[in-house]
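If you read the protein sequences in the order shown, they are chains A and B. Going by this note's numbering, 129 is the number at position 129 of the first sequence; the sequence numbering is gapless. Going by this note's numbering, 310 is the number at position 310 of the second sequence; the sequence numbering is gapless.
No lab work stands behind these hints, which were simulated from the structure alone. No residue lacks a Cβ here, since even glycine has one placed at the ideal position from N, Cα and C. It is possible that part of the hints are untrue.
Unchecked claim - Below 16 Å or equal to it, Euclidean Cα-Cα: the simulated EDC-like pairs (lysine to aspartate or glutamate) are:
1. Lys154(A) - Glu102(A)
2. Lys154(A) - Asp252(A)
3. Lys201(A) - Asp297(B)
4. Lys201(A) - Glu187(B)
5. Lys250(B) - Glu89(A)
6. Lys248(B) - Glu187(B)
7. Lys176(A) - Glu127(A)
8. Lys283(B) - Glu187(B)
9. Lys131(A) - Glu89(A)
Unchecked claim - The calculated label-pair distances, taken between Cβ atoms and stated as ranges, are:
10. His168(A) - Arg94(B): 53 to 59 Å
11. Glu351(B) - Glu224(A): 54 to 60 Å
12. Leu333(B) - Gln101(A): 54 to 60 Å
13. Arg40(A) - Asp70(B): 27 to 33 Å
14. Ala232(A) - Glu6(B): 27 to 33 Å
15. Gln70(A) - Gly142(B): 27 to 33 Å
16. Arg55(B) - Asp211(A): 26 to 32 Å
17. Gln284(B) - Leu200(A): 47 to 53 Å
18. Glu210(A) - Leu251(B): 14 to 20 Å
19. Gln33(B) - Lys131(A): 32 to 38 Å
20. Asp211(A) - Ser53(B): 45 to 51 Å
21. Ala261(B) - Asp252(A): 35 to 41 Å
One letter stands for each residue in the lines below.
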Amino acid sequence: MNPQPVASRKVVFLGATRGMGRALARLLAERGEVLCLLGRHAEDLARSAADLQAHGAQAVAGTALCDLEQPATFASALDEAARVLGRLELVVVSAGIFAPQEVLEHDPALTARLLAVDFTNTLLFCEEARKRLLAQGGGTLCVFSSVAGDRGRKPVALYGAAKAGLSHYLESLDHKYRAQGLRTICVKPGFVHTGMTAGLKAPPFAGEPEDVARRVLRAIDRGEPLVYAPGAWRAVMGVIRALPRHVMRRVDF
Amino acid sequence: MRAAQESRIAGWGRLSVPGRELLSEALEPLTEQAVLTRGLGRSYGDASLPPPSRREVAATPLADRILSFDEATGRLRAEAGLSLGAINQLLLPRRWCSPTLPGTQFITLGGMVAADVHDKSHHRAGSFGRHVQRLRMRVADGRILECSPTEHEDLFWATVGGMGLTGHILEVELSLQRIPSPWIWQESERVPNIDAYVEALEQAAQRWPYTVGWIDCLSRGRNLGRGVLLCGRWAEAHEAPPAAPAPKHKLTVPFELPSWALSRPTVQAFNEVYYWSHQPRRKQGLVHPESFFHPLDAVLRWNRIYGRRGFTQYQCVLPRRAGRGAARRFLELLSARGGASFLCVIKDCGEQGQGLLSFPMPGISIALDIAVRDDTQQLVDTLNELVIAEGGRIYLAKDAFTRADHFRAMERRLEAWLAVRRRWDPELRLRSALSVRLFGDPP
């Protein structure tokens, strides 16, 4: 049986305005959790706050500006969130950027940005969140990584490298701090139909953000440290991780 | 290596052209250069397809945020890509419903405005545009503005039913309807032929907010147009179960069926079973709102049953002044032409809305799904000639085959609509495959 969700959990959400983050934030709002939204644009945050209020009357306690490209914004955004929420119980990070490998190979500036946002700065944000959660005696940190980090693969050499580093960090964090009450959840979405993947050719097992959100919510409730979503990607990545290198060198996925 | 396949874009009838959707959560930048914006692509024909010289169409489904909802008044404002299904799921349990609930819930607010959709309550509630208060639009010159029945009203009423050709719809504000419970009380009745049917429909319309019917258009002679009439209303709180209806489980048609799957004998067999399985002749009871309003949504991708060549829906309205015999004349012509329609839906339409190209007018609406065959163009031409003679018109959201001169002959308001469109878009920057076909736009 599922453990009953704690009512009105206090949630800080970086990335609730779009894609899988939007879907997950709606589920949290419908359940009665209270959110503080972090993001880059005040107007966009206000629009998402309105949407979440329509999904759950008490859903949004506030918003704060936070930009994954500007690590200087992290501490102040989390402090503001802690102020409006009273305390932090769940921190979700679903923001990030993506670009296809061919594009990144011709654009070192974009590559530097992507590596900074998806790896370095995401870790710096998580460190700030970790300190605050531990100081309160624990909580849950749920971060969106990717199946792209599971194996060195041709189409995601750079993006995958950032996500591999992120997944690695999240696993270590879970090992190190779970005993102190900090549960770290690493979400590994496969291909999901969102604005980020619009225009890309969808592989088999492509998923919808709402399905991903339901899986992630269940993992949050249960404290599962690792979630593949859609679920079929766990098996797919199991096979891909087992393939010998000479095969990976030949295939294009 | 395989050659890269050219991507194609299609309406619900699966007739496709080269092209693709551009999706984004942010409609303002997305629509800056777009020739056309589409929603969930549920119009059957070419309304949501690009003109031949362009490949890309902006698509709204990711822009689906509710921007405000007033629980006291039912006033809702949302981004244009919010779907009716999402509104139903969120707000039916809170006893608010969309003022218009058409045959599918897989449509967006923007699409509902663009087609000025109607439903089974048209004889009472009118079409969707009547309940829309404001629109936020990007017009052809690039400006973003608000329009309403009192502000840029020419643009507003040309956009309601204007098939997305007067500007890109970014946000929609409308009034929802209060309902006593989220369940439907339904009464249904088997009716032996088309004349009895039309009479039963007219009588039911006096007593019921929602009326609709299915008819068997393959039956002939005495049985011509036999069918099942459905009437419904929202159940009162004391009649309804305490729990809100859960979303219904959906099946999916996994692949394209061969084109003989829907042939005359199979459709005939289906109709026979459907008609006689309605036992007793008259039934009543509580039903799930999805079964009542959106029965075909239970099967995802059902358009695949029409095979590779796809299908078209022919929907027309025959005006009341053409008399009760008009529906019989229509079915006799269809029957003489051997038109085999799997689905034939008949509804009552009330007053014409203010949308300049809005489809409904007082009379009877008939909708048929027709598998595309070599003679489909001739069949549509023949039906259109009858509709013109009866003083009716066709529904652009369904159409793929009507000729420009036929549309002109059935749509006296066209010049007025074209004039507004010219005022807001003199260079015809917004175009679609439909506007090229019917209005002679440059490709």
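> Can you list which hints this structure breaks, lowest number first?
Replying inline: 3, 4, 5, 6, 10, 19 and 20
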